Every structure is written in structure tokens, then in C-alpha cells.
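Could you put the whole structure together from the sequences, leaning on the hints where they help?
2 protein chains.
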Amino acid sequence: MNAPADLARLHPAVAPRPVPESLLAALRERFGAQCSTAMAVREQHGRDESPFDVPPPAAVIFAQSTRDVADAVRLASDADVPVIPFGVGSSLEGHLLAVQGGISIDLSRMDQVLSVNAEDLTVTVQPGVTRRQLNEELRSSGLFFPIDPGADASIGGMTATRASGTNAVRYGTMRENVLALEVVTASGEAIRTGTRARKSSAGYDLTRLMVGSEGTLGVATEITLRIYPLPEAVSAAICSFPSIEAAVRTTIQIIQLGVPIARVELIDVNAVRMVNAHSRLSLREEPMLLMEFHGSPAGVQEQAETVQAIASEMGGNDFEWATTPEERTRLWTARHNAYFAAVQSRPGCRAVTTDTCVPISRLADCLLASVDEADASGIPYFLVGHVGDGNFHFGYLIDPHDHDERLRAEQLSHDLVSRAIAMGGTCTGEHGIGLHKMGFLIDEAGDGAVAMMRTLKKALDPKNILNPGKIFSL
Amino acid sequence: MNAPADLARLHPAVAPRPVPESLLAALRERFGAQCSTAMAVREQHGRDESPFDVPPPAAVIFAQSTRDVADAVRLASDADVPVIPFGVGSSLEGHLLAVQGGISIDLSRMDQVLSVNAEDLTVTVQPGVTRRQLNEELRSSGLFFPIDPGADASIGGMTATRASGTNAVRYGTMRENVLALEVVTASGEAIRTGTRARKSSAGYDLTRLMVGSEGTLGVATEITLRIYPLPEAVSAAICSFPSIEAAVRTTIQIIQLGVPIARVELIDVNAVRMVNAHSRLSLREEPMLLMEFHGSPAGVQEQAETVQAIASEMGGNDFEWATTPEERTRLWTARHNAYFAAVQSRPGCRAVTTDTCVPISRLADCLLASVDEADASGIPYFLVGHVGDGNFHFGYLIDPHDHDERLRAEQLSHDLVSRAIAMGGTCTGEHGIGLHKMGFLIDEAGDGAVAMMRTLKKALDPKNILNPGKIFSL
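If you read the sequences in order, they're chains R and A. Counting from 1, position 6 in the first sequence corresponds to residue 6 in my numbering; the numbering is continuous, with no gaps. Counting from 1, position 398 in the second sequence corresponds to residue 398 in my numbering; the numbering is continuous, with no gaps.
Keep in mind the hints are simulated off the structure, nothing from the lab. From a predicted model like this one, the values you see are computed outputs, not experimental measurements. Hints should not be assumed to be uniformly reliable.
Simulated restraints, written as ranges between beta carbons of each label pair [to be verified]:
{"id": "1", "chain 1": "R", "residue 1": "E136", "chain 2": "A", "residue 2": "S312", "range": "34 to 40 angstroms"}
{"id": "2", "chain 1": "A", "residue 1": "V14", "chain 2": "R", "residue 2": "E232", "range": "54 to 60 angstroms"}
{"id": "3", "chain 1": "A", "residue 1": "R30", "chain 2": "R", "residue 2": "K463", "range": "39 to 45 angstroms"}
{"id": "4", "chain 1": "R", "residue 1": "L230", "chain 2": "A", "residue 2": "P325", "range": "33 to 39 angstroms"}
{"id": "5", "chain 1": "R", "residue 1": "P297", "chain 2": "A", "residue 2": "G378", "range": "50 to 56 angstroms"}
{"id": "6", "chain 1": "R", "residue 1": "A118", "chain 2": "A", "residue 2": "S312", "range": "22 to 28 angstroms"}
Built from N, CA and C at the ideal position, the CB exists for glycine as well.
This is the structure in C-alpha cells:
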């Protein structure tokens, strides 16, 4: 990786553009109490779960409608001022930081489920709806939205980062599950991409261009998603293994046999210990797979039998079944809290997280080499993974005031990403590029592809006002 | 629909740009015998299965490598001359027609399967590989590529049109199954989009932007696809129904219950008759569903029982099972030959085909109204559909010399598309826009979205040389 990118990973380029007083006046006039310039509000909207500290945006607009978003973008565009869409603030990669200044557009009040089309298995929501809220509202219909990145993220944020998480191995990611969007463009115009049809060959795939564009090409104001019938039968199980390798090789074989497993999550022994401490559990302190099976009763049993046979061959212990919904919820809550459990295990620390995803045949090689390196570093860390997709996360728990430790963690991350890219993988399976992985994107995609991305950005946002300075420098 | 679009559907705007003799000389020098200006070769590359007649391209380059494609594009770009990628010529929408002149780049000699990564369930191919060839080459590995548009199309062409077909209800379309591409851009540079990782959040989704762009944004020279383990058990069945409505309502219920059926194809009584005559079959002359189930033996049986119960409730006859691979092949070949069987049923005719796709809840309303209109018109027609996706095709069999009949067929098509769009559907589920559906794209996507597509096109192809005049006028 080149040196400037290394520096960018530690210190993003911060160059706030001027925000004229006339813009703030116009925003106050248009938005009244929906516009805040209070420092506490600005600071809350100027940070996320990334390890960066950057000055906050100049103002926050609490949008309540597409019209609000369009007007805010138009006013900002007239003044050449950046806008940064904000959902719940759970980005890990610095997406929400005002590195070029500007205003934050908070979408959390756009929290309506606009329509549930149960017969078509689609739902249309505003971007501020969170995934848990959506599933609450769907519950009575016998349907659910499977994408589950752990955090109770907003659907808008999940769309912007092309999120996925624990169920993606069976149900796909936001790439596969966003059918259509309403998007406010850089000029403040609302357009629609896609229809509610399951498939289409009607022109360029603007929906997929917007999904994962991290707020740099438009602001999604309505999102149409695929939803699924709640499976007739669900069962979850944990299985401990004598080594990470045994757990990973079990996963690889499950996938290669085509078992339609719904979730298969790796949790390393460090993460098990942290989760036990945080969630008052007594999970066996060994590497484990946390699995879930969806289907008909017979289908679930068939899947579970196949997986148990594979696990047993690899030295796995007996499955411990979580048969009631309450037990399942407790297990998955523990898994989802792994990040917070880890951060709390070292008071005052921050996590440098990785998000590599490799072809499944390379998963063991890639992951095990990085475990060795992390163990050798002496830096506390945890490892969890959506291993059915070949995606896993190290979290290196660093003292943010210890420059040397931070550098060593970044070196671990760098070595892991380089290995993943060399193996045909990606630097980010689901978190996005943001500020933190801009150098890696060049390594992975190459100058030609990144140049094409820049060309698209310049064409759709000629004033560079939509979340500028993210994905690539511009 | 606006009047100019109506005219475009009958007579595409043809305005050949000059092809300087110096370009032809340069192509001959660079490509030798791989460059042909023979009229027979040009004419073969200047038509497809669409009902349009347009003057042929000025030359045909038979590319054998990415380098060949890049050099051909660069030479054409230097002379401001269009290039049109050509696979096997099976487009139904005029994609291959040289409406602005230029040269055809024939990719059929780039027919190598470059790598099969069985453990990762991926394969990388050159664009001239056809789907049947690919499955032949995969057969010994126990894997298969499910996307099946009927014609033995090239993978490059299927990528360009975002093709799908009979298996999409279970396995998705080219949108879901292309993982990565090598693409030659308008400047003749080769870039890579995507990796072999199953998922990624690394920047803009250039892969999905290229898939379905109909050769207007780049020429795919390598394509990495998802492949699947051959199912342990496969069974196919046909079921006749007293009415199209009964067949469609059976399909809707199968999908809404979440049955993972692999194929569910509607064939109307006209198509059954034509197929019987063409393929010497004796299928019962009633509307029918042709279905296939993939899975474990127990899973397949479970699916089949569920579907039989639904069909029986809707008045369907008993299933007739095709249990041997030979019987299945015969059935699916008959289905795939429906188009040719239909065209041969009226000597000298051409087919005006439709490709609407609607949300499944609207399928019966949309389809039945169009059946009534087609019956009332007196024009011979057939109807087949990938109804599990809400996608179906009318083929109106017209005398190409009968202007009035052509107009009436276009009116039927227009009324159907308008109905589908009003129901939240799309004018094209899998064939693409090409020349024939440009007016419909505006109706469906709106001026704002089409303007965004034009902006993208101008940014990536400033000289407008990549298959110009397709998707939208430019």
C-alpha cells in the first residue's frame, strides 16, 4: 500500500469548506426547529464508531420528508456546501465525519413503513426505519426482513454501505434485497430507480449503483426491499471446536456441499470470554460456531444432521440446541453484543476493525495466518465472522493515546487485507470504504476501476457536495 | 407513450456515422484475417432476432483476446466510429443493429472457460462461451450454471442484457450471478470490476452497472460467475389446467408460500399446439405449467407434494412426471423451442415479443387482460412465461409486410406494457431495452432516471462509440 493511504488511515484529510452564514440563515428559515446548530447536536452527528476525530458539521437538519431532503440538498448545492446523510451513527468506517465540513441531514425522523405488500414479499420504507423496527412491524404478517448487520442500523445506512451480516449466507446482502429506491440527487431532484418487479432488464441498474455508494451519489429517501415468509421451522445451535481451524473447515464443507444454512458465525475464544463476561453467559471457552437453520421441519432436521456429521468429523463437540425463541434471542443478542463486550473488556480502548471477505476455499489460510500474527502482536483482539460468506472481522483493541499501538494494529490490518486481496478477496465485505479503507480500495480495484468510480462521481455530483472525501479522495 | 417513441418502435432512427477508409486500413493491418469486410459476414452481424432491418456494420473483427478487443475499441475511438459487441446474435430487441454504423466485434472465438473454482463455486469464462458449452465443461465437476434464457446465448450477451430465464425463480438472474468482470472501456483500457468474494462493500458496484448495460458502457472480456452444486435430486412435472387463470393462480400461491421451486413455466394452449406440431409431442392441448424441483430427495418430494396440493385445489390435472434425464431434456427442449415452433407455425412471419414482469400479486390481472386483448385482435400469438418471477412473453406472429397488422401488434404490446408499468412492473424482465423498448423505458423509469442514465453514458463514453443509439436516444 502506498504511503499517503497509510497516513490517511491514521489521519484523514480534513479540509472544511466554508459554510456561508447566508446558508445557515436560509436553512433556519426553511426548517425552523428542524434545523439545529447547537454544538451538542452537531457533535453527536459528527462522529460514528470509527476511531477518527474530526470537527463536527456546521448544522444538522432533521428531515421529515423527501421534500425536506431535496430542499436541504438544493440549498447546500447553491452554496457549494457538503451534505452528509445520517441514520443512527453506527458506521465503523468514518462515513459520517464532516471531513470537508458541511451539514448533516438526519433521517431518523423519516421512520415510516410506507407499505407492506405481503403477497409480493416486498416492503417500502423510509430510510430512518431501523431493521428491528421493520421486523416488529412485519411480525403480525408472518414475514421478516433477514438482513442483520448486528447493530440496529437504519435501512438507509444499510443501503448506503451495502450491509449484510449474519443471514447473508442464505438470503444475500442489501445488493440482492433492495429492489428499488427513491433517491434525491446532487441537484435536489427526486428520482426513482427500479420497480417492484422481481427482475428487470430496463436500462442501467441505478438501484445497484446507489446501493453501497455511501451517500456520495444520492440520498435514499424511500427503499423497497424484498421480505420473506417466516420459516416454518427455525432451530439454532452452538458447537465448540478444539481449534479455529476445525471450526473454519467445518464451515467450508457446509458451504461447498450446498447446505442452505441460514447463519453460520465463528466466534473465537477471546470473543467467547468477552461475551461471557458482558452478557453473563457461560459458553464453553473454545472457538465456536453459532448456527441457525430455516426451512420446513423435515428440511431443518436434514440440514442439522448433515452439519452435525461434518462438525463431528472435524472434532467438534455435540451441538447445544437453542430450541425456544427466547434462548435463540439470548444467543444472537450475545453475538450481536460481541463488539460492545469487546470494547468494554479494555476500558478506554477503541477498536480497529477489519472486514475482509475471501473466496471460501481460502478462508482457512487467510484467517489462520492472521490469527497467528494477531497472537504474536500482543495486542488484545477478538475475532468474529460471517464465515459462511468468507467474511470475518478482527477487532484490535487499542489505547487511542498509544500511537505505537495504533500503528501496530494498522499494520496487522494492512497485512490481513493484503493477504485477502492476494487471495481474490475484498478489503470490505460489508462495512464499506468510508475514510478508513480508501488506500485498500486502490490496491483491490486498481487505478482504472477507481478512476471509473471518480468519473461517475464527478458526473452525478459535479460540485462534490454529497458526502465528499469518502471512498476515494476528491 | 409519446408519439416519437411509437415511431421508434416501428422504424429506429438510422444515421450511420462515417467510417473512414483509414480506419478500415488500420483494422486490416492490425487484425489481418480476423478482420472481414465481406458483405455476407457484415450482414450476418447486422441483424438479430428483432423485427428491424438496418444496414450492416462496415467491418467485423473476430476478437481472440482482451488485447484484440482493446485495440479494436481504441482504433475505433480514434476515428469516432461505433463498435457493437456480437455474441451469437440471439438478441430479440435489436441490440446488434448498426443504427449509427460502425464495426462489429465478434466475440465468439473468445470461447475459453478460463478457470473453474469448484471449491468456491465460481467459474471465470471468456464472453463467447455459450451457456450450454459452459454446462458441458462443468458436468464432470458436479456443478452447473443455472441461468437459462432458452437460446444457447453467449455468456457475454447474457451479461449485457441481464438475462435470466427458466431457473431465475430459484437461482436469480445475471444480476445476482455475475461476481466480477474484466471490461474494455470506451478508451480501450481493460479494467476489473469486483473480486471472487461472495460479497463486497468496496466502492461503487461497477459489476452491476455493467451487467445489463447492453454494450453501451464497455465490452466484457472476462466474466466470473457463481455456479452451484448439481442438486442431489431433480424432478420435473407437467400439469394441465382448465384455464390460464387456474395455472397462474397456482403459481402465485407457490411463490407466496415460499416453495423453493426451481422452474415454473406457463405455456398457453396456442404454444402447446405449436410445440406439439414442431417437436412431435402429444401434450394435452390445455394451458399448462412445466415445473422442476431441485433439492435433497426428501426436499424435492416435500416441494412436489405442496405444489400438487395447490394445483389440485385450483382444478389442475394430475402431475405427469418426467423422471429420467432424457424425458426432462425432451420437455425442456420443447419449451425452449417454443419460439421457433411458433415462428414456423406461420410461414414468413416475424414475432413481435413482449417481456413484461410484474409483482406476483398482479400477475393474473395483468396477464389475463392481455390474453383477452390478444384473442380479440385476431392476430396469431403464443404466450409463455417465467411466471414464478411474474415475467411472461407474448409473441404476436405478424406478416412483416402487413403494416396494419404490425401496428396492431405494437398496440397490443403497448397496452400490455402500460398495464404492467401501472401495476408496479417493468417493460422488460430479461430481454433488455435495445431499440424496441426505448419509449417504454421513459414511461417506466421517468425522465429523471433516464437523464441519469444518459449522464452516466456520456461520462463513461464521451465519444458515444459503444453500441450507440440503444437503451435511449443519444
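Against the structure, the hints come out as follows:
1. For E136(R) paired with S312(A), a C-beta distance near 37 angstroms keeps the hint of 34 to 40 angstroms intact.
2. The hinted window of 54 to 60 angstroms between V14(A) and E232(R) holds, with their beta carbons roughly 57 angstroms apart.
3. Remark: the range hint 39 to 45 angstroms for R30(A) to K463(R) is upheld by a beta-carbon distance near 42 angstroms.
4. Evaluation of the 33 to 39 angstroms hint for L230(R) and P325(A) yields a pass: the beta carbon distance comes to about 36 angstroms.
5. At roughly 53 angstroms, the beta-carbon separation of P297(R) and G378(A) lies within the given 50 to 56 angstroms, and the hint holds.
6. Between A118(R) and S312(A) the beta carbon distance is about 24 angstroms. The supplied range of 22 to 28 angstroms therefore holds.
Comparing the model with each earlier hint shows no violations; every hint is respected.
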